[in-house]
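Protein chains in written order, with my numbering: chain A, 6 to 519; chain B, 186 to 558; chain C, -12 to 303.
These are calculated hints, taken from the structure and not from any lab test.
Treat the hints with care, as some may be off.
What the hints assert, rightly or not - Straight-line alpha carbon distances no greater than 16 Å define the calculated EDC-like cross-link-like pairs of lysine to aspartate or glutamate that follow: (1) Lys182(C) - Asp83(A); (2) Lys327(A) - Asp266(A); (3) Lys207(A) - Asp300(A); (4) Lys482(B) - Asp357(A); (5) Lys192(A) - Glu210(A); (6) Lys237(A) - Glu210(A).
Here are the chains, one letter per residue:
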Amino acid sequence: MAVPVPAVELRGISKAFPGVVANAGIDFTVLKGEIHTLLGENGAGKSTLMNILYGLYSPDAGDILIDGRRVELKSPSDAIANRIGMIHQHFMLVPPLTVCENVALGMKDQSPVNLNLMRVERGIRELSAKYGLNVDPRAKVWQLSVGAQQRVEIIKALYRGADVLIMDEPTAVLTPQEVEELFVVLKELARQGCAIIFISHKLWEVLRISDRITVLRNGRKVSTVATADATKDALARMMVGREVLLQYDRPPAAPNRVILDIRDLEAADDKGLPALRGLSLQVRAGEVVGLAGVDGNGQRELAETIVGLRRSTAGRISLEGKDVTGLRPRDFVRLGVAHIPEDRHRTGLILDFCVADNMVLNTFDSPPFTARGFIRPEQIRAFAERLVAEFDVRCPSVATESRNLSGGNQQKVVLAREIVRRPRLLIAAQPTRGLDVGATEYVQKRLIAAREAGGAVLLISTDLDEILAVSDRVVVIYEGRVMGEFVPGEADFAEIGLMMAGSPRETPGRSAAV
Amino acid sequence: MKLFKWRNLEIERRDQAVTNLFTVLAPVIAIVLSFAVGAVIIALAGANPLVAYSYLAYGAFGTPRMLAETAVRTVPLLLAGLGLALAYRCGAISIGAEGQMVMGGIFAAVVGIYLNAPAWLLLPLTILAGFAGGALWGAIPGLLKAKLGVSEIINTIMLNYIAIYLMAYLLDIPMREPPGYFPQSAPLQVGARLPVILSGTRLHAGFLLALAMAGLVYLIMFRLPLGFRIRAVGFNPHAARYAGINVERNIILAMLLSGGLAGLAGVGEVAGVHYRLLAGFSSQYGFDAIAVALLGKLHPTGVILSAAFFGALRVGANMMQRSVQVPAAVVFVIQGLAVLFVLGNEFLRRHIVRLVLPARGAGQAAGTAKGVG
Amino acid sequence: MDWELLLSYSFLVGLLSATIRMAAPLLLAGLGGVFTARVGIVNIAMEGTMLVGAFTAFWGAHLTGNPLWGALFGIAGGVLIGLLLGFISVTVRANQVVGGTAINIFALGITSFLMNVVFGIGVRPSAVTSFRAVPIPYLEDIPLLGPMLFNHISLVYLSLLLVPVVWYVIYRTPIGLSMRAVGEHPRAADTLGVKVGKVRYAACLVAGAFGGLAGAFLSIGQLSVFMENITAGRGYIAVAAVTFGKWNPFGVLGSALLFGAAEGFQLRLQSAGVRIPYQFLLMLPYVLTMVALAGLVGRATPPAAMGKPYAKEGGR
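Please put together the full structure from these sequences, using the hints given.
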């Protein structure tokens, strides 16, 4: 094998944001022709490091060397000029424009008075052929599938001459088939000399695709290992920094009566495409049911349909035997259904409201917060102060704008608001996304406590560790259908992985396909 | 992070927006600044700004009669400004107060001129009709925004002109006062007029109505569940929807109330000042009210103050023009600048503006002047 | 009503010619508005831009005695307002509607003020040399089409010629592509090295130039006077024309012609002494715009980033 040549070297990179040190003295080298994974949990500093390499952030300290030369990357243009390309997790494509136009956007070598799309189209076709990146150059981007859009992103980078590709969690949005196709492309790119930086927190795919792995934790580099020498357990330990907690200690579940009963539910997503396709699910009082699955398989639509935010097109939802299909969100609050939405900034909180107002966001117009038609601020304040103490929300006062709280404390506000009502049914969607370890553990324990208080809890999460740690029973969702269910500790990972990838669990009386 | 650097001027983004006394006083500072710029403009035009401003102040506040006139001008600005504050709080960017005012005036005039009703009922019905006219004109864009997602910005502008042409038609043919030399209606029945509350002046009961409405809007905004909903929808409609608030209904309601209040502004002019429907009676109050609402920080107390300020400017400007030949239009310059400076203050809340003076020789340190805030 | 009059050749020619004449300033302002709309800026300030352009053009023509110089002054005045709009919406990242409204109030004040200062309070300034119709040889003799299209002032021809030019710039040049991208997904454009702020500033300045020229059209093209609030809402109409024309130069041409036709028809009827409720005719474009907007929903959507300031890092 040839002598390894570094494509990019990062030396001692540090970057702090208000309140957080995102990167602390990180060294990182990626070689030409290698696929190098940056592994780490949410908030470990992977994205910050790569945004620095792509010129989106400027580092507080440290050097960037490309082909051995020290460079200063002040903007993405500088990064592009240094042949670095980045494929963001949320695609940076302009939906109403064509593939050609998206590729041509921002190109420096064009005549200012003539956008030569024919030339761009030829270039796209050449790249398509060279690397097996199949895409129609004249299609509008919004018409393309997610996998095709990702190929456009890769073409966009290659068209600009990139030979260092940063892929930020590229598989999060893909179907298993699309992941396979992507891996073929990445291997081919590496074979032809590209350096690929692959960001992920999914162990199995990391082990499959990379040549080397660098693990980050809390903004620091833990280690760089060759994939051949790495094991799943060792990586997980480095990533988390402790043995992965499999289950919390708690009394065994004592599920009794069925609280939530969903039968053959169908609903459409925001684009009108089917998101739920005949989903059936039961949650009993006193149990946590974990809904596992890759992002975008109907989880959000399911949560929204259960609490009346989305219309179902078929099927039935009942709450303790009573048909509640088609009721409005308001009715569900009254019926004792609580909902921790997946995006606390967008849907969980009103960031411009103070903590106290957010604590009563769905109860402000009922007693004691409204009496004889008037809002009672003093009641709201007293209530909020009680919750702030009980849930250990760190804030200067309940009159503080929620915007000024840390993510963990914001989530505690949502949690407190929903749990304090002692709901019959609690739907928690990605309740710990983006939280630090301490806050995560706190939230998870509260979910278990809610179940011990006799509530039915439906935990929707894309984090399998979380699902396994908290749930009494796990249901796997794939493309709006239930693929099967299992009890944590009784199923092996391969089987769970298969279900999450869309192959239904073997059931008696039905022979396995393979 | 440096955003901008040009010669000695640097602009940096603050880590966290500042909130302190300064931001509360931002409108006051903006007004002071706009007067300062206004002074420069007046001086450039060859007049003494101090003299001009003293006539401006005298014209607005100098005698009880002038003070009353200021109050008369304050009424429409206050009512329409309160309405806009309510709409803006709900996230609906209405520019429609002018048209809603016109509709309020039309409805009030129709009832006040033609309705045969007992005297004690006529005035309340006139007022209600005006409210309804404005509310209708507010509800239409509200409905279109809530149900179809059409931008209220364009629709409110369109409705302004539709209302103005509707009035032009009414004053051209069906409602024109014989013999028809002027585009104006017959006078309102005496019972439909807002009584003068300070004899010897034009100050009418609409002033009390406007103050009462300020109190009512305060109640709605901060003491009723409706206001909680409206503010929630305005800040974050997604979270509001998740919390079980009916976003569509509240947008429509806020726009309806907003239009109704602007309609009352029309009532004030038609039934309290002109006693008839008159082409151009709304005299751009509806557009000024946008600035009034913003300068008042969308708070009823602030709106009262800024409406009074704008009213005083309008009245004082005439005196200034008569006495020192400084064109009255300068007050529009001051008004526009005041709003621009309020926006600029928001900028200073989020940024540090620094003038880095080059060090000249040894011992002279680089001086930095921080932007206020 | 006198139907024979309405169908007569001379009436028709007058109407069509007036339509073009009334449409031209709207078209100019609307084409400018296409730029700002495409980059995601709500350009309520078009009203103030036109007003300032109308005044500076008049002033320029007054000083130089040459309408061409006047037009350049008008453009310069409009560019200044465009710069202000850019500062408010890009640098300050303020609410563009509020900022635009403030600009309009300011423009109304400053133009009236300067008018009074330059020409004296209450004095109606004497007419300045304004643009004269330039009939195009041979073409003007074509029946109907000739007087309709080829007997106008140069600004009319210019505005019509600018339609394909603007179309080309927006759809066939790199800067146009950048503009469309910035209005739809500024962050995506940013990651490709497109300077979002600069593109938006550029659009504001171009819109200012177009708006200023449209204003010049009003003061030294259609008439040769300036009076307080001479635009009387035409800037707002231009904003509507941009929306009605689906942010496309040819669409804007269509909507400007429609709006111009309503106004032209009304003028012709009035000058012919026909007494009908022409106000409804004038109302029509506004009603149509509302209907069109309501009907467009879900089919043609405005640029996605419309009205949203862009913050590079994080977005606090």
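Hint by hint, here is what the structure shows:
1. Between Lys182(C) and Asp83(A) the CA atoms are separated by roughly 13 Å; this keeps the pair inside 16 Å, and the hint holds.
2. With a C-alpha separation of about 9 Å, the suggested pair Lys327(A) and Asp266(A) falls inside the 16 Å cut-off, and the hint holds.
3. Restraint check for Lys207(A) and Asp300(A): satisfied, since their Cα atoms lie roughly 13 Å apart, inside the 16 Å limit.
4. For a cut-off of 16 Å, the pair hint linking Lys482(B) to Asp357(A) stands: about 15 Å separates their Cα positions.
5. Simply put, Lys192(A) and Glu210(A) have alpha-carbon atoms about 13 Å apart, close enough for the 16 Å limit, and the pair holds.
6. Annotation: proposed proximity of Lys237(A) to Glu210(A) holds, straight-line Cα distance about 11 Å (limit 16 Å).
The earlier numbered hints are all upheld by this structure, with none contradicted.
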